[in-house]
Every structure is written in C-alpha cells, then in structure tokens.
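Undergrad: Sequence:
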Amino acid sequence: MSRKLHDSEFMQLADLEVNTQVEQMANLFSPSEFLGRLNTLASNGRNMGAFRPFWDQWGDRFVIRPKELSIVFGSRGSYKSTVVNYLIADWIMSGAGKAGLISYEMEPEDLLLLLIEQMANSVNPTSDFRQRAMSVVEDKLLMVDEMVDSPHSAIAKINATLEIGCKLVVLDCLQRVNMPDNNINLEREFVVEITNLVRRHSAHCIVVHHSRKGSHHDGDNPMPVVDDLKGSGGLADNAHNVMSIWSNKKKKALAFKVENGYQPDEEEQKLLEMPDVLLDIKKQRKHSFEGRIGLWRTEARAFHRKGATPRCLA
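Following this note's numbering, the numbering of the sequence shown begins with 1 at its first residue and continues without gaps.
Think of the hints as simulated: they come from the structure by calculation, not from any bench.
Because the structure is a prediction, the values reported are computed rather than measured.
By construction, the Cβ of each residue, glycine as well, lies at the ideal position given by its N, Cα and C atoms.
Treat the hints with care, as some may be off.
Result set (EDC-like, lysine to aspartate or glutamate): computed pairs, CA atoms no more than 16 Å apart in a straight line [unchecked claim]:
| # | residue 1 | residue 2 |
| --- | --- | --- |
| 1 | 283 | 227 |
| 2 | 283 | 60 |
| 3 | 249 | 227 |
| 4 | 251 | 266 |
| 5 | 282 | 237 |
| 6 | 252 | 276 |
| 7 | 252 | 267 |
| 8 | 306 | 276 |
Distance ranges between label pairs, derived from CB positions [stated by the list, open to error]:
| # | residue 1 | residue 2 | range |
| --- | --- | --- | --- |
| 9 | 163 | 225 | 24 to 30 Å |
| 10 | 184 | 30 | 36 to 42 Å |
| 11 | 308 | 39 | 31 to 37 Å |
| 12 | 146 | 286 | 41 to 47 Å |
| 13 | 163 | 257 | 48 to 54 Å |
| 14 | 47 | 163 | 24 to 30 Å |
Construct the complete structure from the given sequences, taking the supplied hints into account.
TA: Pasting the structure below:
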C-alpha cells in the first residue's frame, strides 16, 4: 500500500528538492522491520549518539541528540546567541565533528572573534592562539554572510550543511527569516521541513527565536514561559525540544556597580552568587527532565555550570 505525499509549500516557492519524499511513494513497514533499531535502542538508551554539552556533561538533564530539532528562545539581551555560539565552540573543541552556523545576527568576523575568545576563555587571545583556533575551525565550521533570508533559501542552506556532513546546525534567528505576510502556516511548514532534514541526516538543528513582547506585567525582564515563544503554536508543537534562556540583568547591573567601587550589602552579595543565565527546559520529547539549569558567564562570554570550568582549546 502506498500513497503520494503532497508537495510542501517550500517546493512550490523554490522548486528545491530538499525533501526527497516529495517525489517518492510513501512506504509502509511491518514492526519486525525495525527490530534491529529497537534492539539497539534498548541496549544503548535514548541518548545513544548524543553530545553532552557544557551544561550537561553527565547527560542527566539535556543533551544534543541526533534526529532532533530544538528551539531556543528568549528576550533581547538574554545571551541566546552567545550561549548557542559557545555550544558550537564546545562541539568543535570536543571533536564532535562539523557544525553549521547560519547566523543572520552578526557579521562572520564578529562571530569568529567571539568564538576564538570563548575557546581561549580570554578577551585578549594572542595572535598565535588566534591562528591555531582558526586552523581548528577551518574544517569544522560552515558559515553564511547574510543578515536576512527567505524561508526556502534558509532551508536550502540547512540542507547544504547537512549534505556536507554537519551534525549540528544552528539557525540564528528565525526572526530574520522573512515569512511572507506573517504566514503562520508557512512558519509551521518551515519547522516541519527542518525536522525531516535532521531525521534523514541523523543530525541536530537548533533554531533561535525571540520571545513575544509585552506578555507579562511582572517587570521588564520576566522569566519566559512556553506561550511567550513568538509565532504560532506550531513551532513548539513540532519541535522535539523547547528551551528558554533568561539573563539575570539585576546581577549584571550590580556587578557593574561593584566593578566601579560599590560595596554590596549581604542581600546583594547573594545576588552576585546567583547564575548569570538560566537555561529553562520547557519541553523534551525523549527525556522526563523539564526544569532550569544555571549557567555562569566568564568575562570572555564562555559558560559553565557551578563548580565547573569552561572548556578551552588545548
């Protein structure tokens, strides 16, 4: 038994064969045909082949699993891009393989400078270190040089990085992918298309997005909730994982005052000991953990868990 799959809206827009199933007949399978994959899963667990990032080295909370799409969102200035950028640095330094950084947020040279400073955990890496870091990322990182994109072009870029062998791809951010007339269905289709791609290539994609504006009345820096994810509900529904990033702006402001000679009181000292960033796992399809992971930021904008040290390029 078979049926013809409908053409996706992206095929109509760009005539790109990013989803081979569009031109094929859908096959149906009996359960026994998946016995080998079932036995492998039963023996190795759901984190088989996963990457354990700096925030979860033991794999007990959230890891980067193949065949999954994650959405990371937060307000402006919450360090979304910086945290995800350090994740790419962590990925490369650990030898996990190639990564694709499809960033429309910063110029490539700015992103590379940030990446090198994070890899050195220093705001003043030497020229020798910079050259060594560049030699490491040269064959491990693919980038773009654009500040805005169309949906079908962004999908084509993701597909190209996966075809070349990237197993982690970051798209930063969805706000700069121009959805015609705020087309909510197109936005949903965009995410569905990415899930098809990462599943086919056994890779992981992270899409960075913004929070909605004015959805709370509890100050100008509220902790995001799932409903704050900008756009349609189809984004969160179709992603495997949804995470928010929240920056402790009160601590940041106080730290600036302390650096300039201010003496904090006892309560303020407690604030200075709190995490700089909270990574809040809102949804995780293959793990029961949903909660917050505290991260501390270094001067070079590298991140680490409490009691740990940032990974640096050896």
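Undergrad: Each hint needs a verdict: does it hold in this structure or not?
TA: Outcome of the hint check:
1. 283 x 227: OK: residue 283 and residue 227 at ~12 Å, within 16 Å.
2. 283 x 60: holds, 15 Å
3. 249 x 227: violated, 22 Å
4. 251 x 266: holds, 14 Å
5. 282 x 237: Between residue 282 and residue 237 the Cα gap is close to 12 Å, so the pair holds against 16 Å.
6. 252 x 276: holds, 8 Å
7. 252 x 267: Holds, because 15 Å separates the two Cα atoms, which is no more than 16 Å.
8. 306 x 276: Given pair residue 306, residue 276 holds - Cα atoms ~11 Å apart, limit 16 Å.
9. 163 x 225: 24 to 30 Å: Once the Cβ atoms are compared, 37 Å apart, the range 24 to 30 Å for residue 225 and residue 163 is violated.
10. 184 x 30: 36 to 42 Å: holds, 37 Å
11. 308 x 39: 31 to 37 Å: holds, 35 Å
12. 146 x 286: 41 to 47 Å: Between residue 146 and residue 286, where Cβ atoms are some 33 Å apart, the hint is violated.
13. 163 x 257: 48 to 54 Å: holds, 50 Å
14. 47 x 163: 24 to 30 Å: holds, 26 Å
When the structure is compared with the earlier hints, violations turn up for hints 3, 9 and 12 and for no others.
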